[in-house]
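K.L.:
Each position in the sequence shown, counted from 1, maps to that position plus 6 in the working numbering.
Worth flagging that the hints you see were computed from the coordinates, not collected in a lab. Hints may be right or wrong, so weigh each one.
Below, in silico cross-link-like pairs of lysine-lysine (DSS-like), each with a Cα-Cα straight-line distance of 27 angstroms or less [as the list claims (entries may be wrong)]: (1) Lys138 x Lys117; (2) Lys327 x Lys183; (3) Lys138 x Lys183; (4) Lys138 x Lys120; (5) Lys138 x Lys193; (6) Lys337 x Lys327; (7) Lys193 x Lys183.
Derived CB-CB ranges, DEER-like [unchecked claim]: (8) Glu125 x Asp209: 35 to 45 angstroms; (9) Asp304 x Lys183: 33 to 43 angstroms; (10) Asp44 x Gly335: 48 to 58 angstroms; (11) Gly152 x Asp110: 16 to 26 angstroms; (12) Asp81 x Asp127: 30 to 40 angstroms; (13) Glu211 x Asp345: 23 to 33 angstroms; (14) Leu199 x Met287: 41 to 51 angstroms.
Just so it is clear, CB atoms sit at the ideal spot from N, CA and C, and this is done for glycine as well.
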Amino acid sequence: MSNTKVPPASGALLEARGLIKDYGSFRAVHGVDFDIPDNCFVTILGPSGCGKTTILRMIGGFESVSGGSLVLRDDPLMGVMPYERPINTVFQNYALFPHLRVADNVAFGLKLRKLPADEVDRRVDRALETVKMQSMASRYPSQLSGGQQQRVALARAFVNEPELLLLDEPLGALDLKMRRHMQVELKDLQQRLAMSFLYVTHDQEEAFALSDLIIVMNNGRIEQQGSPEDIYHRPANAYVADFIGGANLLPGAVTGVDKGRAAITTALGPVEADCSDTVAMGEPASLCIRAEDIQPVDDPGQYSLAFRAAVTHVVFQGSVKLVEVEVSGQKIVARLGHDVPTAVGDPVTLGVPDHRIRIVHGNPPEGGGAL
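Please model the entire structure based on the sequences and the hints provided.
P.N.:
So this is what it looks like as structure tokens:
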């Protein structure tokens, strides 16, 4: 397991170093390091119970910090009350005041700060215009759809002009179509406001759609952090490869490592490929192959990795089909076009281009794997 270290970043909006959260004898967050840059959409991604919401709550001031440090623009956050931090939070349930109209919900924080009435009106109007809700200003939350309520919650959060906006799975209560629509709106909003967003989700598709930077967590530790493209195509270990897109992972024995390349022997035989930094002789390792990178081949000799297998399942997915095959007792899933004839029991010859093969540290997680 790799807790990726991040060097101090000059000009980072927020820096977390050695961040720890204990609940009695249980350690929920294990000394994690990360930075949130200026004007960046950052997502903490991981399964339930991995510590992602705990980190969000520590940054917001709703949970105490057991160890380590949180620094915002060179100012330590420890000991600073939530309402004194230039940070606002959008919760999953939106937490709108049901007895206040939309405009009054958005104005609530501004009025607490006793800003002049004309300044409050100006900023509320601008915030509602930004989220395209100015026509709903006089409605109550109960008269709004889920997507509209979320827009109001966002407007109420950023109208105070915080330096950092925290979002705790705010799309979780929406249906799939609305979630995808709001993903586009959220990313567009972040870019228009030129503000940093820190988002928490367990949905890797959502993280990819929104993020400039993704922090993948598991059991209170950071497994990997980087751009969506880097995490998807260059996973640091078997956990990340499985959690991000459900890669095919074939456990094997590493027979050599040299300058970012490794040799491994698996059920598909020996193969050489690029590897993650933590791959080493004598350590558990897996061959990582994405389903979309597996291709039907006529000439296996043109591929560094090619194999003949039998089709065991075919699943229609609209634009593509998932084809599960078995070779040497190992099940592998390929994402193929509908023009590739496949039926259960058919023999197929498949290959993977060299630049799409990767060797990662660790064995496949329990419960991962094929269909």
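K.L.:
Tell me the hint numbers this structure goes against, listed in increasing order.
P.N.:
Per hint list: zero violations.
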